[in-house]
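> In order, the protein sequence lines correspond to chains A and B.
Per the numbering used here: the first sequence ends with 539, consecutive numbering throughout.
Per the numbering used here: the second sequence ends with 242, consecutive numbering throughout.
Incorrect hints may appear among the rest.
Claimed, not checked - Mimicking SDA-like on lysine to any residue, the simulated pairs with C-alpha atoms at most 20 Å apart in a straight line are:
#, chain 1, residue 1, chain 2, residue 2
1, A, K513, B, K106
2, A, K418, B, R58
3, A, K418, B, K163
4, A, K418, B, K106
5, B, K106, A, P195
6, A, K513, B, N19
7, A, K418, B, T206
8, B, K152, A, R158
9, A, K484, B, N19
10, B, K152, A, K207
11, A, K418, B, W153
12, A, K335, B, W153
13, A, K316, A, V396
14, B, K152, A, S262
15, A, K512, B, L121
16, B, K163, A, H425
17, B, K152, A, H425
18, B, K147, A, S417
19, A, K207, A, V396
20, B, K167, A, R424
21, B, K163, A, P195
Claimed, not checked - Partner residues aside, some chain A positions facing chain B, computed with beta carbon under 7 Å:
#, residue
22, F179
23, I469
24, Y494
As the list claims (entries may be wrong) - Calculated from the model, a selection of chain B residues having no Cβ within reach of chain A, i.e. all distances over 10 Å:
#, residue
25, L9
26, Y78
27, D95
28, I110
29, Q127
30, E130
Just so you know, these hints were derived from the structure itself, not from any lab.
The beta-carbon is built from N, C-alpha and C at its ideal position, and this holds for glycine as well.
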Amino acid sequence: MSYGFLSIVLHAHLPFVRHPEFERFLEEEWFFEAISETYLPLLRVFNNLKRDKIPFRVTLSMSPTLTAMLTDELLQDRYAKYCRQRLDLAEREAERTAGDERFSPLVEMYRRLYEQDLDDFENLYKRNLAKGFRAFEKEGFLELITTSATHCFLPLYREYPHNVEMQIHTAVIAHGRIFGSSPAGFWLPECGYYPGLERFIKINGMKYFFTAAHGILFADHGSPYGVYAPMMLPNGTAAFGRDIPSSRAVWSSDVGYPGDFSYRDYYRDIGFDLPLDYLKPWLPVDGVRVNTGFKYYSITGKTDEKEPYRPQEASKKVEEHAENFVYSRIKQLAKLTRIMDTPPIIISPYDAELFGHWWFEGPQWLESVIRKVCTTAENIILATPGDYLSKKRETVTGTPSLSSWGNNGYAEVWLDSKNDWIYRHVHKAIERMGELVERFPNETGLKQRTLNQAAREVLLSQASDWPFIMKTGTAVQYATRRIKEHLYNFNRIYDGLCRNTVSTEWLTRLEKKNNLFCDIDYRLFAAKKPAEQEITGAR
Amino acid sequence: MTKEKLQELTLEALQELANREDVSFTPEITREALIELILEEEEDDKSESEKANSEAMRVKERKFENVKGEAVSRLTEYELPDSYNETKITFLLRDPLWAFAYWDIKESHIEKIESLGEASLILRVYQVDEEGKGTRAEAQPFEIPVKLTDRKWYINLPKTGLKYRLKLILRSGTHKEVLCESNTVESPAISLNPAADYVSDEQFRTMLAVSGILDPDDSSEAGGIPQRIISLLDNQYLQIQG
């Protein structure tokens with residue numbers, strides 16, 4: 001019997017946003033929203049499947065900045081508070097909508113959701129969701145992988161190989177500390193690949209990574225399998241290419257499932273509909289409207305006149321869309337098995353936060369897809385890239401092309417007139433960090449702490465999220481100030497070490513604030529300086 | 001900026017902001033009307049920018065969008081140095097046909113240039129061979145004049161699949177001096193290898209059809225496959241030359 005594999009890959013990531021210096025902070029809510037709307041709902045999906053003895057296999061990439069936040073006590077406290085505030089809002093909303101049969105059932109739906117979130121968070125996971133995901137890995141349901149330490153878009157750091165290695169090594173160490181396991185694979189941030197990057201993936205013990213479809217299709221050697229079998233690189237790592245049809249079915253808001261008119265509308269939130277005075281207790285910044293998570297309308301159509309959301313209708317669509325997705329993948333695999341002499345694998349990678357946060361019904365759809373594949377569909381097997389590679393199969397050797405999944409397939413999102421100013425400063429910080437390692441190769445005590453914090457600040461300045469935000473225009477001022485702050489912190493240490501004047505009090509405060517990567521080793525920043533560039537002489 | 005934050009600004013501050021954002025308004029305009037115009041402009045800009053974004057990027061944007069408009073950040077804004085007092089140029093590849101260069105010039109070089117009076121700066125873009133050593137004899141370098149105050153430039157590369165390097169050159173009369181030379185960037189080839197060694201053309205075409213890239217019944221599309229792959233990823237066509 002011919003068969004093939006479907007590999008669902010979820011990439012969970014948020015930049016490190018933690019502000020103990022403020023009591024409430026607007027941008028921390030990105031993380032709280034993701035816990036409530038994505039991470040806890042995903043854990044519930046996995047629990048439901050496990051309870052029903054569905055033998056699922058899913059790959060989950062968890063970024064080191066996200067796991068640092070998930071395991072941080074301050075943010076855990078703040079999330080619990082956020083959840084309780086949502087429950088207060090639900091109570092208030094229940095009073096406001098009492099007797100309105102269009103909206104009061106929706107208020108009740110949200111009340112139950114936040115109640116369950118808080119209960120799961122406090123009692124089931126004892127506040128540590130990373131442990132929850134780890135349990136599913138231990139039981140054989142998840143393959144947990146990592147990505148670069150601060151989600152740096154690596155092709156723009158190609159000239160600094162020691163920095164790329166630092167990003168990857170630090171991520172693997174953090175992954176091991178939090179999950180107690182070694183990641184089998186690596187999620188390239190934004191699928192940003194350049195030839196040669198595989199060296200650092202291999203020396204850090206990982207077997208595979210993912211690229212955009214054109215990374216494989218434009219590779220130096222054509223593969224008869226297209227993106228439906230991994231490309232083995234000369235150094236033995238495997239590159240899995242993203243499948244275009246299954247990505248579009250889910251990603252696209254126009255032709256994809258999430259745009260169905262029955263689904264909940266993401267944009268229509270009471271935070272923008274109700275009077276500011278009413279909302280005041282639930283706003284992180286006085287006078288600034290924010291998403292509250294309470295959204296009562298369906299997409300309805302291309303109109304501002306939205307219909308109230310009807311969860312039962314949306315559930316019916318979820319089933320239809322899951323059915324359609326599985327049917328389309330089976331048809332795709334049937335065609336592939338006729339022309340391939342090795343079992344095909346369809347790689348369907350998605351940002352985890354698509355599910356639940358943006359596409360409210362996404363977790364329900366995912367659960368339904370997994371159930372259908374595991375229990376009713378023939379000829380299609382759910383597998384991780386690690387599962388696929390565990391058996392000897394026909395492969396093709398080649399090196400993928402430079403690529404990313406950003407606009408037009410390369411670096412234009414992260415290198416644009418709105419964000420290009422950052423690179424001269426971040427690159428300089430990397431060079432200076434290399435100088436510090438040369439000057440202080442074997443420090444201990446306070447100086448070692450100082451150098452380790454300098455290394456953290458350099459890594460934090462490289463998050464791809466900041467140039468992304470500058471390009472897309474959502475929280476530009478915050479993103480700009482974050483990069484400047486990390487570079488300022490680094491430069492202050494650099495200058496201070498030159499003069500031997502780093503303030504211990506300031507350093508301690510900084511360590512407490514940017515407290516991720518507790519086992520970072522600054523020595524790994526040992527630079528082989530980029531080729532000497534300055535030359536002189538007449539031409 | 002959010003409506004609430006705009007409402008906190010004075011009419012003068014709003015007018016300044018409107019000028020910065022190229023919003024046209026009459027001198028008699030009221031505060032409220034000006035706020036509406038600024039918000040409309042910001043919404044238009046955002047919608048234009050969103051249209052240009054790939055699907056993956058549009059979804060990612062939602063992660064950072066808990067307010068509508070630009071929120072004012074409470075973080076301190078630190079200043080970064082204008083220059084690191086070194087003469088150095090760095091070349092970064094943006095896509096197969098565009099690269100970005102940024103450079104810095106140390107004070108002593110600036111003083112020297114200024115003392116020369118008629119001096120100017122040029123960027124010379126040239127191809128390098130596989131080893132990245134020397135220029136290819138057949139490849140003509142091209143030059144871009146830049147101002148002494150410029151510190152960055154986007155460069156349209158003539159062909160994909162080649163390696164390029166830059167020199168920042170000081171020109172004074174007939175005298176030319178290379179101030180610094182960049183790293184090498186390698187533009188990727190945008191071509192689909194049909195894997196002829198492994199399978200028949202027909203099988204490969206079937207593979208592309210399953211990938212959602214090619215209509216199996218339309219052989220006329222073959223020449224545009226690379227563009228089609230990119231457009232499927234992004235709803236846009238990459239203009240490929242060469």
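> What's the verdict on K147/B and S417/A, does the C-alpha distance respect the 20 Å limit or exceed it?
At roughly 18 Å apart (the allowed maximum being 20 Å), S417/A and K147/B satisfy the hint.
> Checking a non-interface call: every C-beta of chain A should be farther than 10 Å from the C-beta of L9/B. Is that right?
At roughly 13 Å from the nearest Cβ of chain A, L9/B sits farther out than 10 Å, so the non-interface label holds.
> Within 20 Å, alpha carbon to alpha carbon, are K484/A and N19/B?
violated (26 Å)
> Quickly compare the C-alpha distance for K207/A and V396/A to 20 Å and report which way the hint goes.
Distance ~16 Å between K207/A and V396/A Cα, so the pair holds.
> Given the hinted pair K106/B and P195/A, is their alpha-carbon gap at most 20 Å?
violated (33 Å)
> For a C-alpha distance cap of 20 Å, please report whether K316/A and V396/A respect it.
Not satisfied, since the Cα-Cα distance of roughly 42 Å exceeds 20 Å.
> Run the distance test for K418/A versus K163/B: straight-line Cα separation, threshold 20 Å.
Not OK: K418/A and K163/B at ~26 Å, beyond 20 Å, violated.
> Double-check F179/A for me: the hint is only fine if its C-beta lies closer than 7 Å to a C-beta in chain B.
With a minimum Cβ separation of about 23 Å from chain B (threshold 7 Å), the hint on F179/A is violated.
> Taking the shortest Cβ-to-Cβ distance between E130/B and chain A, state whether it exceeds 10 Å.
Given that every Cβ of chain A is farther than 10 Å from that of E130/B, nearest at about 13 Å, it holds.
> Are the Cα positions of K418/A and T206/B separated by 20 Å at most?
violated (41 Å)
> Can we keep the Y494/A interface hint, with Cβ of chain B closer than 7 Å?
It is violated, given that the least Cβ distance between Y494/A and chain B is near 11 Å, above 7 Å.
> Holds or violated: K418/A and R58/B, Cα atoms, limit 20 Å.
holds (17 Å)
The earlier numbered hints that this structure contradicts are 1, 3, 4, 5, 6, 7, 9, 10, 12, 13, 14, 15, 16, 22, 24, 26 and 27.
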